[in-house]
Structure formats: structure tokens, C-alpha cells
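Protein chains in written order, with the working numbering: chain W, 1 to 507; chain S, 1001 to 1578.
Please note that a few of the clues may not be correct.
Below, simulated PhoX-like cross-link-like pairs (lysine-lysine); rule was C-alpha separation at most 20 Å, straight line [stated by the list, open to error]:
{"id": "1", "chain 1": "W", "residue 1": "K282", "chain 2": "S", "residue 2": "K1116"}
{"id": "2", "chain 1": "W", "residue 1": "K272", "chain 2": "S", "residue 2": "K1430"}
{"id": "3", "chain 1": "S", "residue 1": "K1226", "chain 2": "W", "residue 2": "K121"}
{"id": "4", "chain 1": "S", "residue 1": "K1320", "chain 2": "W", "residue 2": "K180"}
{"id": "5", "chain 1": "W", "residue 1": "K282", "chain 2": "S", "residue 2": "K1320"}
Derived by calculation from the structure, the hints in this document are not laboratory data. Model, not experiment: these values are computed from the prediction.
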Amino acid sequence: MIWNTRNSTYIFTAPEFPILEKQNWLIHLHYIRKDYEACKAVIKEQLQETQGLCEYAIYVQALIFRLEGNIQESLELFQTCAVLSPQSADNLKQVARSLFLLGKHKAAIEVYNEAAKLNQKDWEISHNLGVCYIYLKQFNKAQDQLHNALNLNRHDLTYIMLGKIHLLEGDLDKAIEVYKKAVEFSPENTELLTTLGLLYLQLGIYQKAFEHLGNALTYDPTNYKAILAAGSMMQTHGDFDVALTKYRVVACAVPESPPLWNNIGMCFFGKKKYVAAISCLKRANYLAPFDWKILYNLGLVHLTMQQYASAFHFLSAAINFQPKMGELYMLLAVALTNLEDTENAKRAYAEAVHLDKCNPLVNLNYAVLLYNQGEKKNALAQYQEMEKKVSLLKDNSSLEFDSEMVEMAQKLGAALQVGEALVWTKPVKDPKSKHQTTSTSKPASFQQPLGSNQALGQAMSSAAAYRTLPSGAGGTSQFTKPPSLPLEPEPAVESSPTETSEQIREK
Amino acid sequence: MAAASSSDSDACGAESNEANSKWLDAHYDPMANIHTFSACLALADLHGDGEYKLVVGDLGPGGQQPRLKVLKGPLVMTESPLPALPAAAATFLMEQHEPRTPALALASGPCVYVYKNLRPYFKFSLPQLPPNPLEQDLWNQAKEDRIDPLTLKEMLESIRETAEEPLSIQSLRFLQLELSEMEAFVNQHKSNSIKRQTVITTMTTLKKNLADEDAVSCLVLGTENKELLVLDPEAFTILAKMSLPSVPVFLEVSGQFDVEFRLAAACRNGNIYILRRDSKHPKYCIELSAQPVGLIRVHKVLVVGSTQDSLHGFTHKGKKLWTVQMPAAILTMNLLEQHSRGLQAVMAGLANGEVRIYRDKALLNVIHTPDAVTSLCFGRYGREDNTLIMTTRGGGLIIKILKRTAVFVEGGSEVGPPPAQAMKLNVPRKTRLYVDQTLREREAGTAMHRAFQTDLYLLRLRAARAYLQALESSLSPLSTTAREPLKLHAVNTSTTRPVLGLLVCFLYNEALYSLPRAFFKVPLLVPGLNYPLETFVESLSNKGISDIIKVLVLREGQSAPLLSAHVNMPGSEGLAAA
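So that you can see chain S by itself, here it is in the shape it has in the complex:
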């Protein structure tokens, strides 16, 4: 066995391919229609018959039809609709009594639904949050019609500005209303007591007083109002309440509630807070500077996946141990625990369709999946101890079984030079012609240089001449069609000052041409803008003679022109055609 596994690891390192993969493909259904998160997957022996089932809190396609699905083998055994989207699913033992069948808890909205034997057993609702006394007082006044809507609005707004805790929805809605709707709203709602309800964001379990595998566990809830609650497994009373600086997203717990426990909560502000039994407030804080996408405890190390495509390892006191960069974004993470070999590792589903398994920073295995894995869990399923269950972005379900002979060895693929180093450099080739030219240059370099310099000189000369000519003749402003006028453009090239009081005057042979306006004022010229000044020119002569029209730009009150230009008029095309 050892020989087989070592040859296995030699052959392919951390990669897994068809022939010598560590996994058996048990089931793949791309159309299983399961859309969920890792937090909503749970494996448990729900009926106490030794056959482990998979519990899925399914959000449904597009998060539309939340359902509770229980799978046995590849098939859905039962399916029941849920009142709201499930945030988390967990199985736990409620009491010591035989038969020791675990209960199933499903957190959804403000409630935890507890099932026993897959039958609804108990519904726990989060207690209402106390309303702001000032706000309460205001609405009481409104009830007795002692306050008019406008004052109410002002008072509520001042509460919103200053108070720590948010207003109730009723007040918030009220503040959004137009003046005309306020009266009706107050009348409609004034008799209602104001409520503030929060919802559950995450849930996990914590052993009550024994560390055994099948010991009674408490539920630990994280709520939207930045609190953590520990529930009694039998009576569902709140045993402990802890507050956090932000909303918890992922929880990781170790220890026993009655003895000592550590709670790590990854929060929406990108920080991870670590609490202990006696602390009402976080004891340590890890600042990630990115959002966490998963939080897993492996032995004593907290492994955090971040949105910067990396896995980080931290101690329980928040000291950073290591960082591993992933090739793609992490979608989900979970723990892989192989009891028979005492192995604990982290699985991470990546956006590029890989599932990577890491022990600390060493890559153990890579599984390639046909679609990106969005949720995964590992454990006993059916009667098979080491089963990996994955669901994909498209709603597919993949079940793989770890071969009994498989041993995870820290793959050698990460050490040594990267594969790119073996690739040849793509150096551009040179042609025979190039070599010939090189030789020619060697022989006649001086002559080439001189010829070039002469040509450059000539080029410059011609450019200068052309420029001068263009300057002299002033670019022709004539149009090509008969309906279009003679166009001039005035641009003020000064950067700051506008120009006022300019005049334009045309001088021409009155026998040949007639212009409707031979003299006009130029409007105020704002710097940088282009002002088209147009005028029609009518040709009077029928002899096909053309002449020059002089354009003078004058300043008001001065007789000497500021600028003059000559427009070379073309011969009449009408005559030429006739």
C-alpha cells in the first residue's frame, strides 16, 4: 500500500488525473439543481440507522424557492419548502437519551427551525430588540394625537442623527414620506407598537460539556445586530450573549461551553475577532485588509481565505503564520478531516474549477471539476467514511470517495523551478537580407551616413519652403459648392483675455464681385473658441476673370489694419461648365 501511494505521489505530485487519482468518482449530476453555500450543507445519521444523509438548505435557482433537501446516496430522499432562505444548517445532539439521533437545525431569517427525525420539532425566534425609548415615547404621543406629523418627523430625525442604535422600520418609512402622506401613515400605524427584529447570519455548534464526538452541543448564532448568542440545546434559552464590532459572517468554535471555548468570528468589516469563554467582547482582532471568504480551524491554526485570492494562517492569538497565493478567487472553504489517518486539511473551491487541499501551506491535492465549486463538505456519507460532496455554480452535484489506499503527501510540484523556466525564449529571427544589409552598412557606412544627412537637409529645406508658401498664400477659405459661403474663422489665441471691438472689411473689385456685407463687426472672441464668419460672394462678371479679395481685420477707432489676408478667388465654375 505504501509503495502504491508513494509511486502515486511520485508520478503526479499534487495533481490528480484520471488514472492515479486519490479519488473515486461516485456520482456526478450536472442537473441536480442544488444552489447552496457550504454553511448550508450538513452530514448526519438522521435516523440513527448508521446510514449518513446529506442535508442541504437549498436556496433554489436564483434564490427563489428555498427548500430543505435530504439526500441519501445520489437521490433526494425528502424535499420540503422553507418559509425563507436558509442561512445555515447544522446537525447536533440535543440530549443524552437513546437513541442518539441528531437533530437538524436550520437558521433562516430571525428563526432557527429544529427538526427531529426530519419532522418539525421546535422553532426558536430571536428575541425582539428593545426599541429606542425616545422613539417609543414619540409614537406613544402620536397615538394620543399629541404631536403633529411634522414635529414627529423632526424629532425622529434628530434621534437618527444622534442615537447609536438604528430606528425601527416604521420610523424609517415615515421619514421617507412626503408631507401629504404623513397624516395617513401616522393614523394607520400609530396603534402598532414599534418593533426591531434582527436576523441570523451564521450558525455553528459548540459542545456543551464533553469533548466526545457524540456529545450534546449548543447552537451558536451570529446575528445581524452584531451579536453572538449561545443557545441551550434542550430548552433553547440564551445561555450567553457576546457583542462584536461588526456583523459576523463565518464562525469557528473550539472547546466546550461549560469548560472553556474559543470563538473566532470573521466579520463584514474584514476583521476576525477572537473571543473566549469569559469575554463579552473580542479579546484579539485580526485585520485582514480584505474580506474573508472562509474561516476554518485546523488543529490550532485558523485558516482564512481572503478576497485577495490568498489563504492565511493565524494563531489563536491573531499572529500571522503564513500566506499562500491561490491561482484564482476562492469561492468556498471547508475542513477535510480524515479520522483514520488523523489528517486535518483545508479544502478551497476556486473560481477556475479547482478544489485545492492544503495542510498548512503545503498543497496536498488538486481536484479539477467541470464547473466552479461553490460549496463543499467532507465526511461520512451513506456508509462510506471519507466522502467529498461538492455542488457547483450551475447547480450540479459531485460526490467523490477518497480511496482507502490514498495517502496525502505534500506534493513536490511547488518546489523547484517553475515550469516556465524550461521553455525556450522566443527570440525573433533575422533574415538573410538583414545580414546582407548589415554587411553593406559595414562597408559603406560613411557613404550611407552622408547620403542620409544630405537627404535630411533637403527634406528640411522643402518642408520650410512649403511652410513659407502656406504662410504667404494663406490657406484657401473657399468652398467647393455654390451654396456655401466664403468662410473665415476667427480664433482668439490669447489664453486669458477675450477680444472686443474687432471689425472685418473686404476689399474687392466691385465690377467683378458683390458681397452682401462688405463690412461687419466681429463678436466678442472668447479665448480658444472657433468663430466661423461667413459671407456669400457673387460673381458678376461673365468673362471668367478671377481676382483677389482682400480681407482686413481692424480695431475700432484705428485706421491701420491689424491683419490682412488675400483670398484667391477661383474662376467661376458655372461659366466653365457653360
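Isolated chain W, as found in the complex:
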């Protein structure tokens, strides 16, 4: 306080006000260094000195609150900022962002629109509006806004969101188009590369998928998604050792990833190290008990190990999680056949045939069972069904059929006295011969040992990133050359307890 002696009377002159923005720079420097404690100390001091008028201090305090998860508090502070300077689009943007994080997308959109009035040319506003619309499932509006954002300024994130919309709409081609542009714009973004690779993988364009995944791995050799995806591709080509070396990197970085242990398990399965395979799969199952793919693989491996009772449990668990897959019922039927429960095996086959649309194995295995049961007529029907599927598959793609399956089909055809099917004219190569387990056929009891073929479905290797894609997440199984597996012949008909098939439906 200074006493002034002007005009010969004492006048009280007001103390100088401190400059409001005096320490804004310091607050900012602490903030970007993530030194939040120091930042909060300066903010507190600054707010005390200015009686809560320093807008930037409140703003950063709100940002820190939000980082700490106190979104409601941050929202209130941002609203205070918006009151202190109503003309600032930035404050409104942050208010909207906090609303967005609180899940109030409609309110967020309103505030963003308000902010857009103040700042027309901000990509961030358009981008975030787009994201809000995605959450509100208004994809058209979302696309408009995201395209707007791209016109203002191109950002990887906008491309990713745009791609996501297309995926949510189930339009893979458009999504790929978007990601292609994004990769062109920022060729070193591993996330973009990986996603694009996975999309190609989903479409079955393996060459391009591998190229992009490989690129991603060049820039970031420890990229979890890319390694898993590339590894699963190597697995389908039988390069189990290479895939295993790649998985080691992931095992270090993300040791608790269920898809990783699933894939490692199936690598060991491919290398015929069954015990190791079961160990890994069980770990995967422990980490993700509700993942039907892991259960499927466990069932498959146990069938190979001739542990039919265990296989039955894993398969019936898998069916409980994924009741719409023919192959699962087929495997269950194989297990049941070996557990001498023909009645329920038939039911399971019927379900499998009902659900499956393209896998000839299902029909073949069913036909074999029916034939062994002496139901030649029904067996013939299944055989013809199988032939239809085979010719359909041949028309559509150049898939090679497993030699064992072909052989068995020919045998069955002969036994059923059908004219030698013309569908097998294509020379059959078997690239997966190392994959097959030798059959330990027991001497057949009394019927002709035709039933020794029960080729199983392929191993499920899952690329982890599938789950991040909104569509086509679980059910994509690449129909590739299946590792096949001969099983022992079934003995004669027996009276069967009927609870099993009930159990499939109930449990």
C-alpha cells in the first residue's frame, strides 16, 4: 500500500494487479514434461494469486484431472474456462471432449457444433464430431465429418476412424481403400500397415497381406498384432519354426495373450509335439476361458491324442460358445463315435450337416458313419451332398483337397457302388503330408474297416488383431488345407446313453 500525497489529501491507491498469465509458460512446460506434481503446485500458486482468474491454469488443471480420470471435475473446470473466455473455441472443444469421454455423445456434438461456429477450419472439431456420430451409429454423418476433417488437414487418426466406419458397415473394400490412402500418406505408421495387412488377410489376399505386415514389422519389429498375424500366415503355410521364433518376441512383450499361446500351441501341434501343444493351449484356455477357438483347437489336439473323453468336453464347451459352426459338431461327432455313442454321434452329424454349407468333410465323415452302421441309402445321400460341395469349391477356388480325404472318398464311393466320382480328376498334391499323423488302426471288429477316415477340420490359428476389427471378428476361419487325421474304426452298434446330445443343447 502506498500513500500518495497528491491534492494535499491522502488517497488510497490500489495495489497493482499481478499479471494473470505470468506463469502460464511454466505451467505449460511442466505439463508437457508430464511432471504433474510440479504443474499442480504452480497452478495452485497462480490461482491463489489471481483469485481463480487465470484461465490457462484452470485449463491445465482440468487437463490433468482428465488424465487422472476425474472427468466430471475436468468438465466443470473446462466450463469455468469457457465462461472466462467465451470466444475461445479451444475451451469449447475441451468441454465437448470431456462430455464425449463421459459418454454423452449428443451433448458433445452440440458443443462441438458451437465450437465449429467459432473456428471453421479446425480438423480436430470435424474429426471428433465424426467420432461422436460413430458412437451414435449415424455413419453417414460421421463419414461426412471425417471427410471434412481430411480436407482440412490429413491425420492418421482420421483415416483410422473412417476405415472403422466402413468396417462397421461391413464394407471391406471401402475400408481397404481408405487404409491404402492412409498408408500412402503416412507410410511408416505401423498401426495402419498392420490393419491393412489384416484386412487383406481377411479377404484372402495373402501376398498383399504379408507385404504390409512385413512392412509393419520392419518399422517396429516388436509389433504385437503384426507378429501374430504374420505368424498365423506362416503357420498356414507350415513354417512352424519361423512362426515360433517370431512368437518369442511377443511372448516377451505380452506374455499373457491368449491368441499368442493358442498360435504357439498350434505350431507345436504342427510339429507333432502334442504334449507341448496341449500345455500351450491349456494356458491359452486359462487366460481366455470363453474363447471357442482355443477350445476347438484343444478338442482337435485331444482327438489326435486319442483322448476322446477330454476332446468331448472341450468340443462341447466350444459349441456352447459358438453354436453355429458345423465343423465343431462334426468333431464332436467324431469324438462321440470313438466313445461308442453312435446315436448321439449321428445327431451331432445331422446338426453339422444342417449348419455347414461348404465343408465336404462333414458329409464325408457322416457318410462313413452311416455306411458303417449299414444305412447305405442315407450314406449315399451324404456322399452326393459331399460331391456337390466339392464341385462347388472347385469352381470357386483352386483349393487343393487333402489327399487322405480324397482317398477315403474314393474308397467310400467304391463301397457305395457309385460311379467313380469325376470330381477328383484334378491331380492331388499334398503339401501337408508332414502334418498327418499316422493312423493307429486297431483291427476292425467285424465290419469292413472303411470308417478309418475321419479327417478333421483345420487348426484354428487366430490373429489377435481380429478382435480389434469390429466386424468379422470371431467367425473368420480360413478354409485352407486342413491337417487331417485318421481315426480308428468304429466297432458295431451299441446301445447308447442319450444324454449327450441333450447336453449339447442344454449346457
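Dock chain S against chain W, hints included.
Leaving out everything else, chain S in the frame of chain W:
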């Protein structure tokens, strides 16, 4: 020498360890008590004696005691208190005259303090910002008492709502006041002219007209009101003024002021704006989508560190060249310039206690420090050309000297498979018991399966029986102590509609029991809530007989009960005890 350096790089790649490090440890003092930013470090030959000193604008512990420290070798030579926290320090040549000793400029608050020979020489203050004419007018009216505080408040608020530039602090304070305090405030402050002052956020130097190492330089200031100012080195007048869309945090300048220059300013909105000599406004804009933590120009590439733990390289036109991911958050960045070998590289101090040196995206060297480095600078110190000075989070000071034989080679550690690939997979082992069980299952799988199915059947049967029994007997609502009543719970299981008008009635043998209320109304039942209805039961008989109490739930006006339950009463415990 070449052989030595190549073996060096072969042996350890980009890593540096004790034995074959490229650096000599000159000094480490964990208690040096220096808390500062890279912007407040400067190396200069302040006395013109060829001995380079380190100037530190020290914020003091907790930002409490700002000081100007000048270090010579490991020791603090002079130390003087500062009036406010220093935002940046820079050394520059003010004039051509001999001896050519550089002046020291320290930006703090709204002022730049210029020192020559370490003595205060000049204080430059930022000019006042023009106040809003409307606001000025209002306060003039208030001075002449032509406006009452309430109207003043309303008018000021309308200005705040609409005007581009912010109000003065005086007005802002006024708007916060309660009605009763307004009068006094106006009387107290009305005679003051309203002021708007801004502060300096960052500062750097720009050569005036020659590109030489020791040419006269201008100061370039970034201010809180989103402007860049270029000051004349001798007269300290404002030579140029440029405006930015946001507040500048870091500046990077190249060229000469009189010829052509480029100015890159990293701003608080996460963007980097690039300006040229003739442009009053930014020519190019780089949007980072994260906050920049450092901005360094290496030759023609702008290297930006972002809060997403990455370094980005951009051209001067804002095109992204490359990105490198860091293992931890970047705390500070600075330029490493080794004149003898013509090397320019970027140093980044990371939160995990590493200092990484990059040339473009190639990692050249990693220095491990005992504490996270918060500020660093490289240059001539004392009489040693290549000295690295670092200060740590705890206030420590580390000085390292680059070995004269050291050559930075792009380390091979980043190429090739990651080290994790060599690690063995941790596959769970299986026991002998497991194998035995497997064999057993193979042999007797069918039997096991059947046994399991039978057991499962039995289990289900028992569960169903138990359930049925529970249903029949209705769960016992009796309490265990004498003071507690018979408890019933009413829950409305409908999802939407409340229930009204229910009655509860107890039927019992009146010779055995007495109930205070044998018949009562149930309150309105809101869906989903649990309503405890309690009543005491007194046992009248002394023969130890127990009976059933029937509970009936009735709807008003209907004689048939909606629900009935039997409560099996236990024998009296009091009698049993006696």
C-alpha cells in the same frame, strides 16, 4: 584412431558403457541444486578471455528462488537473485566493437534483462497492450461517476462475451465481485488507467545481417498474447512483429534478419507454425495432434519431440519425413553440434534416465544418467570444445566431455531381430502323472466318458430335488435370537408397475402362539426394492410343541389368497434350555 573408433562401435553399438564410452566423465554433483530448463542454459565467453562460462537461469527448488548463476568449471562463479522466474536465457553480440564480448539476455515476466560483463546493462519491457476502447470508455464513465456499478458490470460482461481480446485484469476482478463489494472496488480503482500487460514465454537469437559465428544478433521473443517480436540488438526497439494463432512455446530460427529468415514456432495448441521474413502470419502449419516438447533444427530438418514419446522430422514446408519412437517420455531436447566433424544431431533427455542422440532417425549414442535429465546443452565450456552439460530432475549437474577420438557411427543395434527373439519360450512342463493319465484315458476313454455322464445325470437329479425341496418348504424366515422378529420380505418382481393394496394375514393356532398383528396392509411396492415386513411371535405353550404358521398374501376385495407360505416354527429354545 579410426581403428579404435570402429572397434568401439563394433563392441557396443550405440550403447555406451564405462569402458569404451565416447564420453569422459568430467563432473557429477547430485547436490548442485540447479533446477532449470534447456532454454535457460547458455554457454558463452562472457569476459572475452577465451574461457567459456555456463549461464544458468535457475528457478530454484520448487520454483521459489529464481537466481542467475554463472558457472566456471564445476564451480558457481557468481550468483545473483532475479526478480521473477526466468523463461529463457540467451547470449548474443550486441555490437561490432572490440572487445567482442557477448551480452547475456534473460527473459523473465514482461521484461528482458540484458547484462554486459555480468553487470546489469539494460532492461527491456514489453509495450503495454492497447485496452479495449469500449472498456476504457466504461471506466472513464465510472471515474466521473456517471455509471453505477451494476450497469458497469453488465456492460463489461457484454464486452467479454463478444470482444476478441480479453478484458483487463481490473475488469475481470470487478466482474467476480459480489454486489456489496462493487461500490468500494470502483471507488478504489476508478482513477487507475486500465492496463493489459503480457509476458515473454520464449526467446531465441537471430543473426542480424551476417551469417558468421560471431555476428551481431537480434533477440526474438515469443509472448503470451500470441506474438513474435524481433528486437534491435543495439537500440532494443521492435524491428518486426508477427502474430501466431496460439502461444509460442519453442522457437527455432535460421537465416539473417536483414536478408531472409525462417522462423518455426511450436505452440501450445500442438501446432508448429513456420514463418518467413515477409510473412506477418504463418506460412506453413504442422499439426502434431500432441504437444511438442522440443523443437530443434538440424540442417534443413525440423526435429520435434512430442508428448507421445516420439521424435518426428519435418521439412521446412511442413512435410513429415520420419518418426522415431522413444522408450520413455521426452523431457527435454537440444542440439549437439560438433564443429570439428561437421556433425549436427539431436539430443533428447528421457524420463527413464537416458539421453539419446539421433542423427535423423539413426540412433548414434545412448548415455545413461543416474537421474532423469531435465535440461541439457552442448558446446564449448571452459577451454574444451565438445562438452555436454546436463542437469537432472533432483537438481544435479553432470558435465561430460566428448573424447577427441570419438566418432559417432550409426549404431547397428536397431537393425536385426529384437533381442527378445533369442529368448526361449516358456512352455509349461507336463508331469509324469499327466502322461500316465493320458495313457489311461486312451485305454479306458469310453468307460470314463460313461461314468462321467452317469455322474452328471445324478448330479442334475440331486440338484433338481434340492431345488424342489427348497421350493416346497419355502426358505425359513425365522431368526435365531429371541429379540428378533419373524421376517418376511416382499419384492415386486414386475419391472415397471408398482403394486398397491396387498394384505398379509397370518393363520396360526391361537393356543400356541400369539402375534401382535395378525393382519396388516403391505405398503406400496415399488418394483425391484426389498421391503422387510416383520412381526414378533410369542410362544404361549410350555410343552415344547411347535406348529406351522401360515402366511397368506391377499388382494383387497378378493377372498382367495394370491400367495401362501408355511413357516415351520421351531421348538422353543427357552424350554429346551430349562
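Status of the hints after comparison with the structure:
Our distance criterion of 20 Å between C-alpha atoms is broken by W/K282 and S/K1116, whose separation comes to about 75 Å. Pair hint W/K272 plus S/K1430 holds up; C-alpha atoms about 16 Å apart against a cutoff of 20 Å. Proximity of S/K1226 to W/K121 is assessed by CA-CA distance (about 19 Å); at most 20 Å being required, the pair is judged to hold. Using a Cα cut-off of 20 Å, the hinted pair S/K1320 and W/K180 holds, with the two alpha carbons roughly 18 Å apart.
A C-alpha spacing of about 46 Å is found between W/K282 and S/K1320, which places the hinted pair above 20 Å, so the restraint is violated.
The structure is inconsistent with the numbered hints 1, 5, although it conforms to all the rest.
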